[in-house]
Amino acid sequence: AQSVTQPDIHITVSEGASLELRCNYSYGATPYLFWYVQSPGQGLQLLLKYFSGDTLVQGIKGFEAEFKRSQSSFNLRKPSVHWSDAAEYFCAVGDGTGTASKLTFGTGTRLQVTL
Amino acid sequence: EAGVAQSPRYKIIEKRQSVAFWCNPISGHATLYWYQQILGQGPKLLIQFQNNGVVDDSQLPKDRFSAERLKGVDSTLKIQPAKLEDSAVYLCASSLVGGAFNEQFFGPGTRLTVL
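So the protein lines, in turn, are chains A and B.
If you're matching positions, the first sequence starts at 1 in the working numbering and goes up one per residue.
If you're matching positions, the second sequence starts at 1001 in the working numbering and goes up one per residue.
To be clear, the hints were calculated from the coordinates, so they are not data collected in a lab.
We treat Cβ as the ideally placed atom computed from N, Cα and C, and that holds for glycine.
Incorrect hints may have been included.
[As the list claims (entries may be wrong)] Below, simulated DSS-like cross-link-like pairs (lysine-lysine); rule was C-alpha separation at most 30 Å, straight line:
(1) B:K1078 <-> B:K1044
(2) B:K1044 <-> A:K49
(3) A:K68 <-> B:K1078
(4) A:K61 <-> B:K1078
(5) B:K1044 <-> B:K1011
[Stated by the list, open to error] So, partial list: chain A residues that the calculated Cβ filter (under 8 Å) puts toward chain B:
(6) G41
(7) G43
(8) T99
(9) L103
[Said to hold, decoys possible] Label-pair distances were calculated between CB atoms; the ranges are:
(10) B:Q1041 <-> A:W83: 45 to 51 Å
(11) B:S1007 <-> A:S70: 44 to 50 Å
(12) B:I1038 <-> A:P7: 17 to 23 Å
Chain A with its partners taken away, still in its complex shape (with noise of 0.2 Å):
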């Protein structure tokens, strides 16, 4: 079965700091990739997926994720953090494309922002 593993449950950087959240996987085929953020109070919303191609993912917000096989991770960046950026940020990996497949979540990583 697949997982998931976000080894950092929070992290503090300071606005206009860069930004690396990690994520480890453990799949056996082709992992589909995804990282949503989730808002105090709000759902969870998409920021980027990876399928296949190239392995650098851009996603909205000005967030992107590398995808490295060779190390099971699916890093998500960003180079310049804002104060809004503050949320609860959750990794996923899906188990295919059929009607039936679904994500298996991370337990997430807090992040918080300093002025």
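Chain B: place on chain A using the hints.
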């Protein structure tokens, strides 16, 4: 375009009581998901509907949880009787079609506290 609507937003009940949550997906979305998000964990899929049929309910505790999606639009998730460990946020999501690679749009969730 209206997002996924959920009600109530908050619910507090005593253990062994019953509770029901309602979800209205984005118009035209054939697939509807219910997730359970326990504090400190990522969302866990409980059940997936394709129109009004169940695609996956393998992680739904069927002795106490039930869900339905009449007419393939709105959905209701019920817990009867509730246990302390059911305290969580219940998220509803919808997508145009099923499959992990298709973007899921999440509602704000219902926070359930079981005392």
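Using the C-beta atoms of I1038 of chain B and P7 of chain A, is the stated range 17 to 23 Å upheld?
-> Holds: the Cβ-Cβ distance is about 19 Å, inside 17 to 23 Å.
Against chain B, run the beta carbon of T99 of chain A and see if the smallest gap drops under 8 Å.
-> holds, 4 Å
Do S1007 of chain B and S70 of chain A keep their Cβ atoms within the hinted range of 44 to 50 Å?
-> holds, 46 Å
Residue hint G43 of chain A, partner chain B, criterion CB-CB below 8 Å | Cβ of G43 of chain A sits 3 Å from chain B, so the hint holds.
Going straight from one Cα to the other, do K1044 of chain B and K49 of chain A come out at no more than 30 Å?
-> holds, 19 Å
Range hint 45 to 51 Å: satisfied by the CB atoms of Q1041 of chain B and W83 of chain A?
-> 26 Å Cβ-Cβ, so the 45 to 51 Å window is violated.
Take a quick look at whether K68 of chain A and K1078 of chain B sit within 30 Å of each other, Cα to Cα.
-> violated, 41 Å
Distance restraint between K1078 of chain B and K1044 of chain B, which requires alpha-carbon spacing of 30 Å or less | holds, 16 Å
Given hint L103 of chain A near chain B, where the shortest CB pair must fall under 8 Å = It holds, given that the least Cβ distance between L103 of chain A and chain B is near 5 Å, below 8 Å.
Verify the proposed pairing of K1044 of chain B with K1011 of chain B, using a straight-line Cα cut of 30 Å.
-> holds, 20 Å
Does G41 of chain A meet its interface restraint, that is, does its C-beta lie within less than 8 Å of any C-beta in chain B?
-> holds, 6 Å
Please work out if K61 of chain A and K1078 of chain B have their alpha carbons no farther apart than 30 Å.
-> violated, 36 Å
Of the numbered hints listed earlier, those contradicted by the structure are 3, 4 and 10.
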